[in-house]
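Novice: Following the hints, complete the assembly by docking chain B onto the known chain A.
Residue strings, one per chain:
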Amino acid sequence: MATTPLEKLQVAYRALDLFPLVSAESIDRYRVEYGREVLVRLEKEVEASDERGKFVFAGHRGCGKSTLLKTFAVNMKKQNNFVVFFSVADLIEMSDVSHINILYSIGIILLSHATRSRLTVPDDIKRELLDWIQGDSQIVLAKEAETTTTGEVELDLGVLQEFLPSVNLKLQREQKFREDLQKNFEKRISDLVNTLDRLAATIKAGTKKNVLVVIDDLDKLDLSVVEGIYRQNIKALFAPNFRIVYTIPVSALQEPQIVGAINQEGSGKPKFFPVAKFFTRDDAQERNAVPIERSIKVFEEILSKRFESGLLAPGIARKMVLASGGVLRELVRIGRECCTECMVQLEIDPDRENACIDDEILNIALDNLRNDFSRQVLGGYSALLVQVYKTLEPVEDEAFTKLLHGLLVLEYQNGDMWYDLHPLVAELLRRRKLIN
Amino acid sequence: MANSEKASSDISPSREQQNQRNLIRLRLAISSSFGQLNLLIAVCDNLDYRNELIQAYEAKLAEDGAVCHRVKLDKSQPSLKNALLTVETTDGAKTVVTILGADELLGVRLDDSKSELEKFFFSVQWTREGLREFKFPVVIWVTERVAAGLTEAAPDFWSWRGGGSFEFSRPFSFGFPQSPDYFQKFRGAIYNPNPIGDPQELSDQIDILLKDSPNSPLLGSLYYSLGKIYADRLEQGKAINYQDEQNKAVSAFEEAIDRQKNESANQAQSLNALAKLFKFSGRYQDAEPLFKRALSIREKEFGLESIETATSLNDIGELYAAMGRYQEAELLLKRSFNIREQKLGVDDPDTAMSINNLAILYVSMGSYQDAESRYKQVLSIREQQLGSDHPDTASSLNNLATLYARMGRYQEAEPLLRSALSIKEQQLGSEHPDIATILNSLTGLYRTTGRYLDAEPLSKRALSIDEQQLGPRHPSVAASLNNLATIYQEMRRYQDAEPLFRRALSINEQQLGPEHPSTANSLCNLGALYRTMGRYQDAEPLSKRALSIHEQRLGSDHPDTAISLNNLAMDYQNLERYIAAEKLLSRSLEINQSQFGNEHPHTIRMIANLGAVYCNMGNLSKGEKYLNTALLLSKKVLPEDHPDILLIQKSLQNLEKSTGKKNSGKTLDLNSSNSPSGFSSKPKKKKK
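Line order of the protein sequences matches chains A and B. Numbering-wise, the first sequence is residues 1 to 436 according to the numbering used here. Numbering-wise, the second sequence is residues 1 to 688 according to the numbering used here.
The set of hints was computed from the structure by calculation and includes no laboratory data. Don't take every hint at face value.
With a straight-line Cα cutoff of 30 Å, these simulated DSBU-like cross-link-like pairs (lysine-lysine) come out [as the list claims (entries may be wrong)]:
1) Lys662(B) to Lys187(A)
2) Lys187(A) to Lys334(B)
3) Lys126(A) to Lys211(B)
4) Lys238(B) to Lys460(B)
5) Lys583(B) to Lys662(B)
One chain only, chain A, in its complex shape (with noise of 0.2 Å):
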């Protein structure tokens, strides 16, 4: 138990970490009934879909959606689903993430759970997967086979640290290894499909459950890299004739060739995860307006899940949440921010008793966060973002995406649907007179 201010600190950080929650006993202890409906909803359209349904789930970064996806992997899993969730951030070297390599990274990843699952996997599929890999390069798959264990494939990211870790280390680290595998496959893209389909057959065959994979972190990537993949093969990618769950940025959406392609391809349209709206349309820039107290509750419990009592002054964690403009993971760097500050204090001024969070702590805090952004917003946005400001419109602007995607703006959608500043970046407008 941590008993002194410090510790407690120490405790909260911690718990405030930038990574979602994927493991199932993090989930439990940290997790919070956000984003339910969404759930629910992925679920449903997922169990009602056809075999070979892909879906392509869209967010703001940070909102949530990989310990949504997670969560969802988990209760798919209970559904009696062969379900395989990995990062592609966890595998590929996000700056040249292709759709063949994301394709290939699907056909590791298969034939390392199937192998795990003492499936017998027909030799020429191995070898079609390995086998154009040169020289010293080589993998020993069978190797690796016979050190696995029996039992259930476990949803952790630890089976690909254990499970043909040099597959993934070139992937990562070697260009020369990616530029191979472009070369190898890009020709015969159809043959990687059908691998892929014989591998997610003969996990059916020997275990009775439907392929479904849900890939994360697609979302991270550059935005002209998420175009090239999107727009230009997602015919490719939605080729497998099973279940795939892809992460897309909010702000891919905001491409009418990147939405119609995914609508022309994909189990209707792009899943969105929606960031919290702590205010309605109407009140929106209304300074005084009373929030939704329901969306803040949530938000709250977010806070108290991993700070322990006392060590936020009272009113503060409401302050927090709604200068994170509904973005979970804007939240979270909030808290992380106050508890560094909060320990900076504690170094200066050790005997100082009570130590907490306060409106002093929080205003360095958002400062220091506000800092970021400044950058952004004398790079040349401002007139931009005080348009969206005055209009909660989107603006037919090339840089509207990159706003959205990193963040300044914030795309409010469930039901009612507008576009606002990030409260920070609103909050940096005013201190330069640009809005009132």
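Specialist: Chain B in isolation, oriented as in the chain A frame:
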């Protein structure tokens, strides 16, 4: 005298009769002189016919208990006495010795002061006294050229000949043995060492899924994979029961197409795979609509200018090329090339493949210049991209050389093939099937230039590589067998050739099916052998079957159908059914003219053959016109020492000799489109 006059004015009916009479004369002369020296000179230019004649008298003499020897003159020491010294005789036995090889002696002086032929003449002129020790009749076979030389250079010997001379003649005809050209695709395309899955394992998996969830979309992919496994086994010669596995492949692909999402890329892949299987099995008509469906899906799914669409265009182009629909094939292959060049760059292997395919097409169309420039382009891309010692560069060398061989540019072809061979041997080891391909090209070249002794061991090596690496039932083995058999045929080792042709035929019948165009080609080859052996009755049904397959599978205006028509016409001509022969030849000529125009080597041969038939029918002036036309065209198209030109010249000389009239020099009007034979100077567009 009256008889011989009659013969010259009416060559055709009496020619065979005359030949038969001379054969009886020769046989009687031999059997009358057992136990004593009797020099008999037999003259025949038609070497195949010559062999037929020798067999005929030897068989008859053997029935009477004679021992028949054949001795070939030693080129390095072309002396009749030396040749006869090699014969072991037993006292009291009826012995006859046939001397061969005089026709192969070179008439030109190399480093020696005397040519081989001069040495031979010299030897007979001055050693006749020494020949008395040989107590048996000797038949010396010569050609007219040698005979003419003998009369001049060895008049003493010529006048001394006791038994007299026996002249035999038979009009030439060009058969078309279907010996394949070994144009090579690039590595992987020809020999695909990719692992083939286990069909049983996959079938079991399918059964499980069918039981558990019969509508799983994964089943579409599994059926596709199953079809692919069977198709790969067929292609790589690994199928155990050919017909059975072929049927299984077809039904697996059909099941896949049924189950896959309509109009999806996956479905296009299955459609294409089934179409390729049909193409491989020679079912071109069945392949076409499937290829087209795959193309239309890919155009929609990936775009008109996508590389996937380019692949489909290329596939259909190759199919049309095989179907003889050259103009359409050219359009598609060019479109495919343009897309690939634009999307992948001119140096990409697929783009190079497109250029290579166009070149192969131009070879079929007889547009050798177009083919040459493209093969050279591919070669330079390969050299730049892969280096000059890469196996694919060697394949390019092979293709260019094979083209040169076709064009009669033998000197240029050989060094290319030699370096191709050494590259492949260095890079792939000496047992790779690619080596067999090059060896077959090289033997083809040696065979064409008469270097049979060089050709034979190479051809045997190619056959053994194919048998070892691909298994004894692989279609490539049939091609290698065919190659070796053709060498034997041309060496007049018919007994050796026949079983090989038969084995090739049986492989093709079993592996590719009795109705496959390659099976038809095998039938053509065996038929050509029988024709050469004079077994016309045996040849005819084979030629007929080949023709019917070609007509059915390739259509009535395909160039291979034209070849089949030509071959059957040759059988009819030999059976002295000239009217039927003329009919077939006219049809085959018309096909070739409309496909290739007049300046194609095959067209020229057909014109010459038709000329010979007219001569045989007694229509000498018409025959002469055709032969003159053929000569004119062949001189324009072929290198000056091409065997076809020599053969046509020879028959014109024969014609002059038998009619006693000088060649009028008249030719057909090649530019008149309403001439009776339908001559026109340019290929007509296809009617379809």
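Novice: For a C-alpha distance cap of 30 Å, please report whether Lys662(B) and Lys187(A) respect it.
Specialist: Since the Cα atoms of Lys662(B) and Lys187(A) sit roughly 66 Å apart, the hinted pair is violated (cutoff 30 Å).
Novice: Next pair to validate is Lys583(B) with Lys662(B); report whether the Cα-Cα distance is within 30 Å.
Specialist: holds, 28 Å
Novice: Holds or violated: are the alpha carbons of Lys187(A) and Lys334(B) at most 30 Å from each other?
Specialist: holds, 19 Å
Novice: With the threshold set at 30 Å, check whether the alpha-carbon distance from Lys126(A) to Lys211(B) stays at or below it.
Specialist: holds, 25 Å
Novice: Holds or violated: Lys238(B) with Lys460(B), Cα cutoff 30 Å?
Specialist: It holds: about 22 Å lies between the C-alpha atoms, which stays within 30 Å.
The structure fails to meet hint 1 from the earlier list, while all remaining hints are met.
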